[in-house]
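Here is how the chains run, residue by residue.
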Amino acid sequence: MLHSIVEIMTPFLLAALGGLFTEKAGVLNIALEGLMLIGAFSAAAVAGTGGGLLPGTLSAVAVSGAVAYIYAHAALRLKANIFIAALAVNLLAIGGTQIAAHLIFGTKGVIEFEAFPSQPSVSLPLLQHIPLLGEFFTEHSLFVYAGFVLVPAFAWLLNSTPFGMYVKAAGLNSTALFARGISEQRTKVLAITISGITCGLAGASLAFNLGAYVPNITSGRGWIALVAIFLGYKRPYGIFIVAFLFAAAELIAQHAQGIVGAPSSLLLAFPFFITFIGMILFSALHSSLFKTTKK
Amino acid sequence: MGGIELVDITKYFPENGVTADSSVDLIIEEGEIHAIVGENGSGKSTLMHILSGLVRPDRGKILLDNREVRINSPHGALKYGIGMVHQHVQIVREYTVLQNIILGREPRTWWGHIKLTEARQQVEALKKRYKLNIDLDRPSFELSIDGEQKTGLLALLYAGVKYIIIDEPATLFEESESDLLHTVLGELQKNGYTLIIITHKLREALHYADRVSVMRGGRRIITRPSRELSQEELSKLMVGPNTVIPASFGTDTSADTIHQQKTPKAHFKQAAEPILQVKNVGYAPHSGHSALPKIREVSFEVFPGEVLAVTGIRENGLETLEQLMSGFENPGTGDILYKGKSISGLSIRELRARGFAYIPTERMLRGASLDSSVAENMILLNYKDFHSWGRLKKEEIDHFTGNLKQLFNIKASTKDRLAGLSGGNIQKVIISREIINSPELLIFSEPSWGLDLRGRKFVMQKIDDLKSQGSAVLVITSDIEEALESADRIVVMYRGKVNGIVSADRVDKAEIGRLMLGVGPYA
Amino acid sequence: MHDTRPASTFFSIGIAITAALLVMIIALPLLSESPVKTLSAFLMGPFRNLFYFGNFLNRVGLYMIAGLAMVVAFQGGMFNLGGEGQVYAGALGTTMFLLSVPELYGPLGVTGAVIVAACTGGLISGLSGFLKMKWGTDELISSFLLSSSLVYTINYLVSGPLRNSKSYLLSTPEISYQFRLPQLLPPSHLNLSLLTALLLVGLAYKYLFHTSGGYELRMTGLNREFARYGGMPVERYYFIPMALSGALYGLAGGLYVLGTSFATLQGSTSGMGWNGIAIALIGRIHPLLLLPAAFIFTYLDFGAENAMIYADFTFEFGAVLQALVLFFVTARFSGFMRKKGGKNAALDS
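So the sequence lines, in the order shown, correspond to chains A, B and C.
Quick note: the first sequence uses the working numbering, first residue 1, plus one each step.
Quick note: the second sequence uses the working numbering, first residue 1, plus one each step.
Quick note: the third sequence uses the working numbering, first residue 1, plus one each step.
Keep in mind the hints are simulated off the structure, nothing from the lab.
All values derive from a computational prediction rather than experimental measurement.
Please note: incorrect hints may appear among the correct ones.
Only pairs whose alpha carbons sit at most 30 Å apart, straight line, appear in this in silico DSSO-like list of lysine-lysine [claimed, not checked]: (1) C:K134 x B:K415; (2) B:K79 x A:K24; (3) A:K79 x A:K24; (4) C:K134 x B:K341; (5) A:K79 x B:K79.
Please put together the full structure from these sequences, using the hints given.
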């Protein structure tokens with residue numbers, strides 16, 4: 001069971017980690033969903049037509065990262081509303097992938113590739129034998145391990161590098177950056193680009209897990225990732241825990257389908273609903289802890 | 001042959017209609033400690049903002065080592081070795097002191113890791129050498145003003161500058177530490193730094209500066225070695241000659257001065273009950289809140305039918321009092337009573353409903369909805385009168401706004417967006433709206449800020465009118481002349497405490513200057 | 001926020017439309033075997049005959065209401081991202097209501113249905129507003145999450161427990177003929193909802209600009225500090241804009257059922273929520289400008305859908321169009337929403 005949870009949580013985790021950067025920089029990035037979709041499509045398109053695991057993943061990362069960079073740069077330069085620009089990215093992703101699917105593969109539905117490369121299932125040598133936690137390291141896709149690595153990596157990036165300090169400063173008090181000659185705009189663009197890169201990874205993981213491309217393959221994961229950022233108290237390790245819990249919830253829901261016979265469409269609602277509840281609880285707790293004295 | 005020379009620096013702020021600096025020349029010699037003194041609004045802060053790159057001058061040039069330089073941003077100034085420690089330093093409150101000090105200049109390994117230990121060592125060394133005692137690991141929101149300034153200073157030293165400008169080195173209450181400040185400055189000077197201090201504290205200025213420049217009304221009045229000056233002289237130079245003839249000497253309503261006919265004190269009946277009571281109010285900044293200057297044991301009363309002015313250097317308590325009086329912050333100790341009821345217990349809506357009006361200094365932020373029309377801004381306080389069951393009473397609104405425009409000489413069409421108006425006109429919209437409703441108590445902060453001569457005169461007249469109608473007006477102003485002109489009684493603040501409550505027709509500018517600068521027996 | 005400089009309004013809309021048209025014109029030949037037919041279907045779509053025209057106008061009306069929903073929210077400084085769910089819920093609520101009441105008197109049932117639709121949407125969206133007021137929960141995220149949950153849940157209901165067993169479609173049973181709005185231009189779907197839309201726009205305009213409540217709502221949306229300074233009851237203006245917005249969305253869903261679909265089909269209202277946002281933005285968040293905005297947007301949407309018959313590309317192209325329009329309109333449209341800091345303030349750690 002632990003095994004499945006880990007597999008399920010990976011796309012959330014990857015997307016949320018990237019989104020964390022933009023959030024820290026003070027930008028509410030609602031384009032995670034679209035970026036993930038673009039990544040999934042790119043990975044599927046490249047891998048399914050002859051490329052392997054690596055080219056597929058790289059193309060996902062490159063395309064999503066590029067789209068993120070462009071939208072961030074354009075929006076901040078043109079002083080467009082960054083939220084709406086992100087919404088536009090989401091819409092473009094949906095439409096664009098459909099059009100590309102149609103143009104390249106001649107279909108708008110499920111794309112099954114004849115020679116879709118399977119991905120290796122890796123177990124880490126020593127770690128897989130640890131009593132309880134061994135499941136975390138047994139027979140997982142490389143994306144899972146990528147996620148594991150990125151958690152401490154991003155924590156380090158955020159807390160122990162100048163770039164991390166600038167990203168956080170951009171969100172907390174950008175005037176402080178101005179006083180020291182650090183470009184707030186550039187910092188934000190970089191942060192958004194990072195989110196594009198991790199979303200590309202997340203999308204690729206979805207495509208490779210499925211072995212095909214399906215429209216709406218992301219089905220809301222980008223949004224859940226966003227909420228995971230908040231519920232995880234905007235910290236990498238917090239996000240890890242929330243993503244884990246969330247994946248567990250989804251697994252339970254899937255099992256419930258088997259037991260209770262709840263249909264799949266209702267299951268799709270479950271994650272959104274549970275995060276909605278989680279959000280309410282979080283803000284209720286938060287507000288009672290931090291009572292303001294404002295009139 | 002180093003040093004800075006400022007030539008013909010001029011800066012005009014169209015948003016307020018204020019000429020902050022008017023063709024100012026100033027020479028700073030390399031290695032000296034130079035103090036620039038002046039009242040609020042004298043232009044000293046703007047001048048230094050220009051030097052440190054925060055503001056661009058309309059005219060003039062800056063010479064460094066006899067070469068002209070262009071300073072376009074704080075970062076640009078830093079490249080030339082010029083840095084400024086502001087009163088409210090731009091730091092990230094959530095970071096530790098050390099993190100803020102090294103922000104932007106973190107030492108790093110080739111793979112990007114911040115070498116915190118190395119940075120800490122370097123900063124500790126700086127701390128030791130310049131006797132700047134501060135806990136590097138404290139979160140910055142815990143800092144009070146002098147902590148913030150130490151952080152800002154260390155950040156500049158860490159970045160490596162030659163010229164350091166300090167805006168009001170703040171040791172407001174720590175008497176013991178003011179000697180410490182002298183030591184710090186001395187050390188810095190010994191190590192080759194050139195220091196420019198902006199201050200209103202005359203004793204300190206004379207004590208530690210080599211030379212002192214006095215600014216007034218956007219002009220540099222004089223520059224002398226400190227040993228040639230006395231506090232008394234400085235005070236007079238800062239405040240300037242008397243231009244206001246007290247009411248008891250007769251009146252003069254000529255247009256080229258801002259004299260006005262003030263309803264003589266004898267004619268207003270001092271009501272039995274004060275409408276506003278400030279009782280032993282104190283305030284100290286606490287964590288998480290912006291560091292407002294401390295005030296202590298402030299008590300005074302305002303009666304209906306009188307104008308009471310609270311004056312002094314803004315940082316000596318005016319800012320804080322404004323926040324407390326308006327109800328936006330609660331005092332730490334003591335209480336403020338409006339019509340006998342504590343204002344901490346009343347919402348803004350309730351206060352307004354009881355005849356309480358307030359015009360803030362930061363008029364644009366709170367007092368205006370810049371994207372709305374002029375008319376929409378004007379009707380803020382009585383909008384309910386103009387809407388009835390889905391019908392907009394257009395005629396009444398036009399009548400009302402037309403009235404306001406005429407009375408206050410506001411040049412605008414009421415359909416215009418407020419943001420499109422000139423600064424002065426925006427001010428008038430905000431001010432007129434509060435005055436027109438004949439409030440029982442009006443708290444008016446820095447009344448003539450942003451207005452031209454005629455505007456000032458008009459506002460003064462309006463304040464007087466309110467008084468004759470029986471309202472009470474509390475004017476918070478850093479402009480002594482304004483206080484003398486408008487008020488019946490004046491509360492003078494010095495270092496967060498009340499240094500005197502005097503009757504306006506019994507003092508002159510020089511006397512108030514002394515009281516608010518701490519000259520003489522009160523120092 | 002109300003840009004009283006007409007030049008820039010039309011300019012930016014013009015750019016957006018031109019860009020969208022250019023994309024269409026360039027992309028069509030690539031995607032279609034008969035580009036000329038496709039292009040003419042796109043451009044002339046609504047005007048071919050009365051059937052198309054009637055359907056076109058019908059859609060304009062519904063989209064106008066959706067746009068109005070967002071206009072009201074934005075004017076109050078709130079971001080309602082839950083339109084999809086609110087419309088769908090309004091549609092389902094209406095359907096279930098009408099299927100449950102006795103078929104006594106048509107107009108009474110219709111009135112009841114309309115109220116049910118508005119209340120459904122209003123309560124859902126109002127919940128987000130309430131949470132924002134009470135605990136500072138970000139309404140953008142909460143409305144979206146709730147809406148998404150609802151969409152999937154209703155999908156399930158409509159294809160499961162509430163499904164019409166006599167039909168192949170994933171849909172509820174149809175409402176009785178008594179409750180259906182009369183067709184104004186048969187065989188097209190055009191019905192009274194267009195007039196209702198126009199009426200609502202007029203009412204909204206009156207409310208926002210001619211009543212003291214509307215004044216409060218607008219001032220609070222523009223500058224909350226200003227409103228508080230003036231003594232306005234700002235607290236309630238977290239809830240009110242959201243509730244009104246949701247009510248309008250729900251109403252759109254209900255009218256859709258009453259006049260066009262006569263049942264709740266799975267996915268039938270999909271897209272109305274997002275289109276509402278786009279139309280509101282094109283209309284510069286002003287109620288009266290919704291008329292041209294809805295027309296223009298629906299024209300593009302309709303044209304894309306029509307062209308699709310000949311080009312065999314999916315309606316997702318409409319999504320691309322929307323994206324472009326959104327982006328270009330917003331490029332000149334900085335600063336209409338409250339600052340980002342405000343948006344995240346609730347959940348900041």
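Query raised in the report: Which numbered conditions among the earlier hints are violated in the structure presented, ordered from lowest to highest?
Result: 1
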